[in-house]
Amino acid sequence: MKTSFHPQRRALLAIALAAGAMLTAAHAQTASWPSKPVRVIVNFPPGGAADQLARAIGVPLAEALGQPVVVENRGGANGNIGGEAVAKAPADGYTLLMSSGGMVSVNPHLYPKMAFDPAKDLMPVAAAARVLVFLEVKPSLPVNNIKEFLAYIKANPGKLSFGSPGNGSSPHLATEMMKIQTNTFAVHVPYRGAAPAMQDLLGGQLDFMFDPGIGLQHVKAGKLKLLAVGSAKRSPLFPDVPTLDEAGLKGFDADTWFGFYAPAGTPPAIVNRLNSEINKILGSQAVKDRILAIGGIPAPMSPSDFNMRASIDGARFGALIKARNIKGD
9 MKTSFHPQRR ALLAIALAAG AMLTAAHAQT ASWPSKPVRV IVNFPPGGAA
59 DQLARAIGVP LAEALGQPVV VENRGGANGN IGGEAVAKAP ADGYTLLMSS
109 GGMVSVNPHL YPKMAFDPAK DLMPVAAAAR VLVFLEVKPS LPVNNIKEFL
159 AYIKANPGKL SFGSPGNGSS PHLATEMMKI QTNTFAVHVP YRGAAPAMQD
209 LLGGQLDFMF DPGIGLQHVK AGKLKLLAVG SAKRSPLFPD VPTLDEAGLK
259 GFDADTWFGF YAPAGTPPAI VNRLNSEINK ILGSQAVKDR ILAIGGIPAP
309 MSPSDFNMRA SIDGARFGAL IKARNIKGD
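Just so it is clear: in the sequence shown, position 302 is 310 by our numbering, and no numbers are missing.
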């Protein structure tokens with residue numbers, strides 16, 4: 009007897025077979041991942057906190073994955089250039105982004121029109137570190153502690169200049185927070201990254217800067233003066249240095265979370281594998297030491313917790329950006 013199928017049943021069967029084939033292909037792709045080098049795009053120039061974190065984690069991650077991890081710097085537009093490159097890359101686990109949390113939580117408030125939507129086109133993979141900011145001044149500035157600095161900047165409105173990695177970067181927002189709470193004014197000089205701003209602070213072209221940790225070696229060498237920490241708690245690296253909260257700026261906290269992102273649609277199994285490996289790496293003493301050396305604190309967490317952290321930061325920094333009418337570079 010000949011069996012026949014209703015046209016609708018045949019269509020449903022075809023859809024089911026196609027879906028099954030797609031699942032099989034996706035499983036095979038995930039099971040064989042990684043079969044070639046993994047590229048990590050850092051959306052800031054070499055030498056900054058994101059770059060240092062990517063390279064510190066990249067070496068042990070390559071060992072864990074059994075494939076090279078290639079770090080590539082694509083700075084510009086407060087991280088948007090590198091972020092867009094990853095957002096538009098194939099969602100196959102071979103292209104990742106290392107960025108500050110500002111990519112998702114800050115940039116949408118700075119740029120009314122972006123070539124991609126960070127919240128929709130990127131997905132969190134793993135946090136790397138909570139990066140603190142340190143208020144540092146050039147040695148020739150006639151202040152030796154935070155109280156003297158705040159008195160000096162009040163007495164010299166508009167005469168001091170400060171640098172940052174760009175409009176809306178965490179060092180810039182930290183300074184704006186300080187200016188609001190102290191009713192002071194200083195001239196902002198934005199750069200294309202923290203490293204070139206630090207070079208000008210060392211050269212005396214800038215008076216002060218909220219440093220995301222890359223200048224701490226110069227503090228230890230006596231080339232810069234560290235006055236305060238822009239975090240809720242003191243840095244374990246400098247336990248005698250007060251926070252700005254302790255200096256009278258109540259509730260001051262300009263920390264930001266740096267971490268890895270992938271193009272939206274990257275298979276969950278690959279994201280989970282990366283998250284697991286990176287969290288393990290953050291527990292190793294060698295990587296801990298490298299993160300602590302730039303004043304950061306290792307921050308292993310799940311992708312969902314990392315995403316929640318970005319949402320919280322987006323709310324608090326977004327309000328500041330609106331209040332100060334800060335625009336993207």
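Don't take every hint at face value.
[What the hints assert, rightly or not] The list that follows gives simulated cross-link-like pairs (lysine-lysine, DSS-like), each with its CA atoms no further than 25 Å apart:
1) K146 - K241
2) K241 - K258
3) K155 - K241
4) K146 - K121
5) K167 - K121
6) K241 - K167
7) K162 - K121
Note that these hints are calculated values from the structure, not bench results.
### Message
Going through the numbered hints above, which ones does this structure break? Give me the numbers in ascending order.
### Response
4, 5, 6, 7
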